[in-house]
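Hey, can you work out the whole structure from these sequences and the hints?
Line order of the protein sequences matches chains A and B. In terms of my numbering, the first sequence opens at residue 739 and continues consecutively. In terms of my numbering, the second sequence opens at residue 739 and continues consecutively.
Take the hints with a grain of salt, since some may be wrong.
Identical copies go unnamed one by one, so any copy, or any two together, can satisfy a pair.
Straight-line C-alpha distance at most 25 Å; calculated DSS-like pairs for lysine-lysine [stated by the list, open to error]:
| no. | residue 1 | residue 2 |
| --- | --- | --- |
| 1 | Lys830 | Lys866 |
| 2 | Lys887 | Lys935 |
| 3 | Lys864 | Lys887 |
| 4 | Lys830 | Lys887 |
| 5 | Lys818 | Lys887 |
| 6 | Lys887 | Lys866 |
| 7 | Lys830 | Lys864 |
| 8 | Lys760 | Lys864 |
| 9 | Lys768 | Lys887 |
| 10 | Lys830 | Lys818 |
The hints are simulated quantities; they were obtained by calculation from the structure and are not laboratory data.
2 protein chains.
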Amino acid sequence: MARRSDHSREELYGLVLAEAQKIVESEGYKALTARRVAEAVGYSPGTLYNLFSNLDDLVVHLNARTLDLLDQSLAQVSLKGDPEADLLALAKAYLGFLDRHPRLWEQLFEYRLADDCELPVWYTDKIKGLLARVEAALAPLFRPQESQKRDVAVQVLWASLHGIGSLAIGGKLEVVTTRSVANLARSLVVNYVAGLKSTRGSS
Amino acid sequence: MARRSDHSREELYGLVLAEAQKIVESEGYKALTARRVAEAVGYSPGTLYNLFSNLDDLVVHLNARTLDLLDQSLAQVSLKGDPEADLLALAKAYLGFLDRHPRLWEQLFEYRLADDCELPVWYTDKIKGLLARVEAALAPLFRPQESQKRDVAVQVLWASLHGIGSLAIGGKLEVVTTRSVANLARSLVVNYVAGLKSTRGSS
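Here it is in structure tokens:
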């Protein structure tokens, strides 16, 4: 195997993740092995282990890139201060990302890291960053002292949209519905937001 | 290997599925192989293939049992005609099932059948039966001619609850929240139903 030494550590890091992404996007996350990635970049598997402690570690870094990509999609939405319209736009951007990168998204949620693999803080911060976009869209519906209620709403919308997307990607939604995913997302957002408005002020 | 011939075809069918369920519940769906099941029941793998055309077929039958079990849990809820209360009770029963049988539930949604494996009608009918319970709880909110809107609401609640459960089981929800899954399900149901009520009559 050719051992190329014309890449800096940073270049090799980018190269490895780009190839890993290609493998996942074309064949799904089960095709991702250290050997496959090493072959694709033309280095020995040993060189990979200078960069990543194991395959799980590589996956965490790859998933971090996926979170960045998703964040870039959501960042296209400029909030107008109307929670319903803003959340519909975010949901559309989220489902658009899922449509373009189904297998990256799948890896994000379906690949199971070893139980003792704790996610690094810089990783969970990326998730918090995504949720902060939903939080900003929901903010007009809550008083400053209602941050707990607002956080629950953020998490409900995030998890629910995940459910709609997950059943769609897994091919399990067609069993349930022939209607479009966008339609379900719309009903979720419109009614949940209307519900938040109508119960506002009640305990 | 002992070849027991003291079981009828029906008995063997029940035996095989019971052992397959045990393997999945104790070790997860990835541990499920024809060889493991054959060993557990004390028959040759060939005998299994007299009953099931392949492992996917066995999984479909096992998943059907899981759907039956879930249906039995939801059947414990007697509807009172109050959509919010009834849906909260159904959500609680659903999450209770998920809590008791996380790995069966996981197999239901995460195991991917081969692309050419079409689900039999008797299987999709079981899913329709589950959705019919949600539909019955939502029915008071819709006029008879609004069956399409009602179906969308059924699917939104089903997929959203799936999302909340799925992130919780996958250990991905703790990244997002430390709040209980029940809390999120409650917020989903209460606000979505309030939204349906508040937008009632509007187009």
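Which of the stated hints cannot be reconciled with the structure, identified by number in ascending sequence? 9
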